[in-house]
Each structure stands twice: as C-alpha cells, then as structure tokens.
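Trainee: Chains as they are written, first to last, in UniProt numbering: chain A, 1 to 247; chain B, 1 to 247; chain C, 1 to 247; chain D, 1 to 247.
Be careful, since some hints might not be right.
In this list, chains with the same sequence are indistinguishable; a pair is considered to hold if it fits within one copy or across any two.
Lysine to any residue pairs mimicking SDA-like chemistry, simulated, CA-CA at most 25 Å apart [claimed, not checked]: (1) Lys157 with Leu244; (2) Lys18 with Val29; (3) Lys96 with Pro161; (4) Lys11 with Asp39; (5) Lys11 with Thr77; (6) Lys2 with Leu26; (7) Lys157 with Ala229; (8) Lys156 with Asp247; (9) Lys156 with Ala232; (10) Lys136 with Asp247; (11) Lys136 with Ala22; (12) Lys156 with Asp25; (13) Lys96 with His68; (14) Lys157 with Thr43.
Don't read these hints as lab results, they were simulated from the structure.
4 protein chains.
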Amino acid sequence: MKVGVLGARGKVGAEICKAVDAADDLELVAQIDAGDEIDALVTSGAQVIVDFTHPDVVMDNLEFCIDHGIHAVVGTTGFDDARLAQLETWLASSPKTGVLIAPNFSIGAILMMRFSAIAAPFYDSVEIIELHHPTKADAPSGTAARTASLIADARKKAGSPPFPDATSQEIEGARGADVDGVRVHALRIRGMIAHQEVVMGGPGETLTIRHDSMDRASFGPGVLTGVRAVGANPGLTVGLEQFLDLD
Amino acid sequence: MKVGVLGARGKVGAEICKAVDAADDLELVAQIDAGDEIDALVTSGAQVIVDFTHPDVVMDNLEFCIDHGIHAVVGTTGFDDARLAQLETWLASSPKTGVLIAPNFSIGAILMMRFSAIAAPFYDSVEIIELHHPTKADAPSGTAARTASLIADARKKAGSPPFPDATSQEIEGARGADVDGVRVHALRIRGMIAHQEVVMGGPGETLTIRHDSMDRASFGPGVLTGVRAVGANPGLTVGLEQFLDLD
Amino acid sequence: MKVGVLGARGKVGAEICKAVDAADDLELVAQIDAGDEIDALVTSGAQVIVDFTHPDVVMDNLEFCIDHGIHAVVGTTGFDDARLAQLETWLASSPKTGVLIAPNFSIGAILMMRFSAIAAPFYDSVEIIELHHPTKADAPSGTAARTASLIADARKKAGSPPFPDATSQEIEGARGADVDGVRVHALRIRGMIAHQEVVMGGPGETLTIRHDSMDRASFGPGVLTGVRAVGANPGLTVGLEQFLDLD
Amino acid sequence: MKVGVLGARGKVGAEICKAVDAADDLELVAQIDAGDEIDALVTSGAQVIVDFTHPDVVMDNLEFCIDHGIHAVVGTTGFDDARLAQLETWLASSPKTGVLIAPNFSIGAILMMRFSAIAAPFYDSVEIIELHHPTKADAPSGTAARTASLIADARKKAGSPPFPDATSQEIEGARGADVDGVRVHALRIRGMIAHQEVVMGGPGETLTIRHDSMDRASFGPGVLTGVRAVGANPGLTVGLEQFLDLD
C-alpha cells in the first residue's frame, strides 16, 4: 500500500514516516510539509495519507484527498461538528473513500479508557492519577479528564451509587479535582513523560490499570492500524477504537 | 430473595453469610454445614443457595437443590466433564432451575484475565508477575498460569508473532517460567496476600493491569452477582463472567 | 525477657500480645486492660512493658513503671512537650530505666520517611500519593503530612530550589494539597488499607518509594525491636528510628 | 569551573556536553573525541575533564590529565585492580589532583542500591524485579545482580535468617534466578528502557523501591556532582556515592 505523510517534518510526522518505512506491507511514497506541493500525492500514486499538520490547513488537505479518492488517517486536532459535517458532505460525492479522524492514536490510552469504563461499575471506588513532565500547562491532562467522563458515564448507565468518602478534615486540594464526580490527581515530575493510572477498589480487592507513554513512537502502531483499515471502511470514522477488535 | 449458604462455617462461607446479610435485597434464611440437615433449605424457603463445601458432598447437595427447584451458585472445586454432564441431566428434569459453577468469584481476577486477553494481541511483549505470601506451595499461581494460557490463545487467534527476546546470557531462571510461551515470574514475599500484574509493551508505551486481592471479602461481590443472576439464567452456566456485562 | 502489655484487649494490644508470644526470646507475663490491677506487672516480674492505652491513663501507667524500674515502650498518643518534660523528671530519679515514646512503630513507614528525606535533595521534583480506605476522616494522612515536612526540611537544609511546575490551567484540586511546599495527593479507595508512595524525579529518571501496610500485624516487628532495645537505652527516647541501624 | 569532555561525540558524551553547557557554574571549554588533539585541554584551560571514551584509550587520557594537574571524572569501563594501582602511582606524583572512577552515574540507581541494603535486614523477604527492552543480551542486568549482592552482604552482616519459601511445585524458572541467595526476576518488554524494583516484606507490610531510567540524560546530574566535587577530593575515589551526602 502506497502511503503519503502530510506534516512529514513535524515531530510526530517524522516518527510516522519512520514507522511506515519500517513496515513490510507499506511504501512511503510522499513526504509533504509546509511549502511543498500537495499534487505530489497524486503523482506519487499515494493510496492513503496520514495528516499531522495544523487546524488551519487540514480541511484543504482533506478536500484535496477526498476529491482524488485518497483515503486519509488524521491526527490533526480541531474537528468540531461543523467540520465533521463538511467532511460527510465531501465524502458523499466520493463514496469509496474512507477518512479516519482520531484524537488519540495511542492504543494503550484507548485500551486504558475502555477497560476502565467496563470495570468501573463493578467497583465501589474509582480514582485517577496522572503523572506528566513539569512543563505541562494543564492539570489534569485531557486524557485523564476524558477517562473520568467515560467512567462517570458508565457508572451512570449502570446505576452505580456515589463513591464512598468520609473525608471531613481536608487540606485544600488533597482529594484532587472533581471531574464529573471522579477524583483526578495530577503529578508534575521531572523525568516523567505521560503516565496514567486508574485505581478501582471493592471489598478486599483493587484493580489498577496503568498506561506509560515514553515516546512519540507510541503513536506508530495506532496510525499504521488506521492506515491498513481505513480503505476497507469508506465514509467518515471518528475514533481509532472503531478499527480495533476489542471484544 | 431468600438465600441459604452451604459450608456456612468455613472461612469463605462465613464471609458469604456476612455479605448476604449486609445486602438489602437478600435475606439469609439458612446456614448449613457438616452435620446439619439439608432439609432446612426447604423449610426456610431458600430460593437460591451458595455452596462452598467439599468435592465429596457437593454433588449430593446439588441433586437435592435441583430436585427442589432451588437455584445454586457453586464455588466448590472438583468439577470435571463427567460431573458437569451429570448436572445437565438433572437440570433437564427441572428446566426452570439455574446452576452456576465458577472456579473464581473475584471480579477483579476475571477482569484482569479478560482485559489481558483483549490487549495482548496489540503488543509486542507480554509477561506476568505474581506476588504471594511465602507459604504458598505452587509457583506460579493457578491464576497466573490461566492468564498466560488465555493470552497465548488470544495471540494465536490473532496471528501475533513470538515475543522478541535477545537474551543470550542468562542466570538460570532469570527470565521466569514459560507457560504456553508467556513468561511468568513468581515472587514469594511475607506480608503479601495475592497480587498479579500483567505487563504489556509496544514501541514507546506500556500497559500494566494489576490486581491486588487482600481479603476473602473480595469474593463477596462476585458471589452476590451470581446469586442475583442465576434464577434468570436456567440451566448450567460455567464461569461467573457469563453474568457480567463486559462489553 | 519478661514482657507485660497494657491495653492488651485493644486491637493493637492484642496483636502485640500475639507477637510477644511468638518470639522465642520474650515471655508474655501480664496482659492488662481497663479494670485490671497494674500491680500485676510487679507480681509477674515484668521487665519491660508495652503501652497502647489512652492519653488519659498513660501518664499514670508510666509513673508506676518508672517507679518500679520497669522499662516502657509506648505507642499511646498525646505526648506534648509538657508530658515529655514530666517523663524526664521521673526518669531522673530512676536512672537505669528506659522509656521509648514512638508515634509510629511501622518500620516500613520509618524507612520510607527517612529514605525520602535523604533522596529528596537530589531530585528536581518530589510529590506524595497516599491511598487509604474511604472511611478515613482526614486527608492527607498524618504520615503523608509528616513525610512532606521531612522532605521540605531536607531540601531547605540542602538549599534545593523550588519544584518546577508550569501549570497555568488547573481544575481546582488537581495538583493536590500543598504541605510545606510539597504536593500531596490523597485517594480514598474501598479495599485499600494504608499505602503511600513518594515519587521523585530528575532528568531522565524517577525514584519511587512505596509502603503498603495491610495489617495491624505490621506494628509487631517495630514494637519488639523497641522491647529488646529499650533496656539498654536508659532515659527518654523519642522515635523508634533511634533504635534502628540506618546507616 | 572550566570543563573538558573526552568522548564528546559519543551518545553519553554528547549528553554530558549538553548538561555542562546548561549549568550556570560550569563552562564547557573543550570537546574532544577520537582524532582530536588532547593538548586542547591545556590550551583551553580545562580544570576538570569528564571521560566517556574506551578502555583502550582511557589510561593514556588519565596519565595526561594527572600530569597536567587536571581533575578527572571517569565513566569509561574496564578498571581492574592493576589499573587502579597504576592510577594511585601517577596520583602520588600529583598530590593535588583528584580522579573519580564510577561504574554508575545514575544517582537513582545508587540510592536504590543503598536504601535496599539498609532496609533488607529489617524484612523477612526481599526479591528484585528488573524490566528492560528486549534487545538486552544479559539477564538479569548488572545493576540487579549488584543490588542482590549488596542485599546479601547486608543481611549476612546483620545475621538475618534465610528467606521463607514453601514452594514445592514449581514450573522451572518461576521463582527467578538465585543471585547470592536473592531471587531476581528479569522481564524483557518492548517500550521499556531500564527499570528496577526491590520488593521487601514483613508481617502485614511491604516496602518497594523502584527506579525508572528513561533516558541517558539521567547520567547528567551524577556526572555534574562528580565534576563539582572531584577537585576538593584529591587522590583516587571509586564510586560516586563517596561524594553524595547519604546520611
């Protein structure tokens, strides 16, 4: 399968190029970045592209690809409902083309979130710890907040009771942030990259799911899974988990 | 729902009695152990029984219960194919009665095994660490060996390649036991009870699922789940996971 | 060595009795609780006592013991400067008697605190996570707060800079409680007993020290260490760490 | 302080250059590698050098430095007793010069080893888990084997009894490698870099010390500690721990 990469000289894009190059069943035929001609996708015969560019240019890139029947795997951020609706419209005119929009290509993060949501209703208590480098601006991380929401949804659907908590004397902040009723604790530690632990407990036992992300290379397997599956899934797909066999 | 417990004075049975007693929707109507009359189940109006007795007596207990249309949740060990076939025969004559035979009532252990099997094909490497008290006779634990088998099955089904391992100089035993191709490491540590960690890794990321079991009380929620579900599931069911919503 | 236990029918006291009983070099000669005559210590020939009673009675107990030249190992709380001064006065009249007052007999907790204080000045970042059962009233735990203070002291003494933290967008509480400048995160999880983790990090590496306390039995070895050492250390000693070889 | 780096274009050497450059109190005045003239150390006025070169050239480098009164911090391997004796001889003629030979500049690894050795005699059970990338040739790692030896020494000195272990049925290798009587378990997991956990336990409690090394940058702080201290410590020093305040 012939693959083009848009945003090929960015930090993530460069890792994707390496991963495509290393895969026996994929051929890297185009590496495009700001200033390069997008027509190279057509002349190189790219069948699928990976886009890690910028919200300002990604829609133009996708319009071009859909027009030319080139499937797309997109990690660029900034997709709201209006953008997704626009993509649906374009895809209606090119019914064999597939586009995957995914906010997260880390298979480990996806598994952690899914397993946590499945397990949460079986436990009395669920809390989240996330650990990142101290140059991060937001606390908690987007992944931790999203995990908390998924846990809260799963418990609501299952009719789970509120979490037990007898705290009556608290030094402010000790019990963490409340995200949809789930407590989230954010550590900022030099040497850490991106780590998260979901801790669940019931009478006499606990279950802990931990994801450690050490390197941008961790996006590689998820992106390649998308590249291999997107052509067989025409139309718009949101979320890599749609292409993973999780049952 | 009226519940009887067989083996009520055993260590696990006593915990089950406490858990039934503490549940608002369940009434503990009979506590039976060696020397007591099993007829008390009928006179007390028990609708479901829990059996944590002994392989020597469990079949007689179950024949009695099935005869009297009392559902059964069974944690006693020793069920081979012949015994399961016998149960099927008895149940054929009492088609509204449900029997659940489960080797493990720890919901955490069940979730750990299931999540590991789902996740394993997405990773290059998977190994298991189990930690138990130093008076344990077998290494690795039965749960660890079973987890390894489930992981091996899942990877075989998915066509996963062998695990990478460049070890050329090894002090004997350093790389653990090989259970169906999965490396298992057993620690024996005073103060530990029963703990297991499944460690999985791919490029730049790892996923770890850890189960800590500190107390026999951990069987309670699983047994109660069985008690509540078995009446609505006539016939023979093997494995508590059949009654858990795991998707 | 002949040992008496005061508060022998309390939860901790009962564990201490068991531990003394199990030790080859110690003989349990008196078990005293509210309502019993303290003279039994003299008639039984107790050489050392262990006191896990109540702040209201502990001073009377100690006055009696010091008067009779019986060494004391004390886990009862409530010792302020006035009480310690009173003990010094009594001990001056009985110069061969030793009294150990210790807020914590868990050797693991003592080691965790000491190692954290030694290591903290070598790292850019240090934070504390503590996990307890959800019926605990205070957050963070006393041990976590004390660990934070010791870390802050060690860093101040070493001239360590403030911890790096670029957080500019925070959901309230996400970054934990500030105890002497050290961030402390408290989880309340059913199934947990008493657990603490000190996480330290510098460029490219992290060091984590974790203490898991599962059972009151964990006080046993610390109390016995005190019992064996107190006689050879006349006068007042505060803190079990004084009797441990930690270099 | 003016610093020169020998082996400046190697992987570790390049990290050291960065770390020296980033330190306010140090000036990087010479970066030397194979083919460069070592005289540049003198002309640049280097007061201390760091050597991460090769066993074949390190002795020549050190003879030159000692001759010119330049202090040296050495991470190059291959120092046997004969080489150390040679260094002592050279240093005798240059009594104000300091040389530090260290097999490990990771402060975290040094702390983990030291704390484990201090704590080990207080516990009934001690075992080691190490986790590395699957391209590593030896199992267990050198650091794990060294930690096991230090633990064994500490327990021998303290008169600690053998570890309890009731294992009677073992799948070969499950209980790990025996290094001086300490069980060591080696995992090989893609995505891991270099990680080690020392697990200790006694009645009702466990203490775990974990070191995670993610990046060569982790050597930086240790090397800089050596650079700043070596001039004030004339003569030969073996082991960075000699320069750390660990009490």
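Trainee: When no copy is specified for lysine 157 and alanine 229, does a C-alpha distance of 25 Å or less occur within a copy, between copies, both, or neither?
Mentor: between (31 Å within a copy, 19 Å between copies)
Trainee: Within a copy, between copies, both or neither: where do lysine 96 and proline 161 come within 25 Å Cα-Cα?
Mentor: neither (46 Å within a copy, 32 Å between copies)
Trainee: Should lysine 156 paired with aspartate 247 be assigned to within, between, both, or neither, using CA atoms and 25 Å as the limit?
Mentor: This pair counts as both: shortest intra-copy Cα distance 22 Å, inter-copy 16 Å.
Trainee: Within a copy, between copies, both or neither: where do lysine 96 and histidine 68 come within 25 Å Cα-Cα?
Mentor: The answer is within: 11 Å in one copy meets 25 Å, while 61 Å across copies does not.
Trainee: At 25 Å max between alpha carbons, let me know whether lysine 11 reaches threonine 77 within a copy, between copies, both or neither.
Mentor: within (15 Å within a copy, 35 Å between copies)
Trainee: If the cut is 25 Å between Cα atoms, do lysine 136 and alanine 22 qualify within a copy, between copies, both or neither?
Mentor: between (31 Å within a copy, 21 Å between copies)
Trainee: Under a CA distance limit of 25 Å, which applies to lysine 156 and aspartate 25: within one copy, between copies, both, or neither?
Mentor: between (44 Å within a copy, 20 Å between copies)
Trainee: Could you figure out if lysine 11 and aspartate 39 sit no more than 25 Å apart (CA to CA) within one copy, between two copies, both or neither?
Mentor: The answer is within: 23 Å in one copy meets 25 Å, while 40 Å across copies does not.
Trainee: One pair to classify: lysine 136 and aspartate 247, alpha carbons no more than 25 Å apart. Within, between, both, or neither?
Mentor: neither (34 Å within a copy, 34 Å between copies)
Trainee: Taking 25 Å as the upper bound on the Cα-Cα distance, should lysine 156 and alanine 232 be classified as within, between, both, or neither?
Mentor: For lysine 156 and alanine 232, the Cα distance is within 25 Å only across copies (24 Å; inside one copy 35 Å).
Trainee: What label fits lysine 157 with leucine 244 when the C-alpha limit is 25 Å: within, between, both, or neither?
Mentor: Close inside one copy (23 Å) and across copies (15 Å); limit 25 Å.
Trainee: Is it within a copy, between copies, both, or neither that the alpha carbon of lysine 157 lies no farther than 25 Å from that of threonine 43?
Mentor: Intra 51 Å, inter 39 Å, cutoff 25 Å: neither.
Violated hints for the displayed structure, listed by number in ascending order: 3, 10 and 14.
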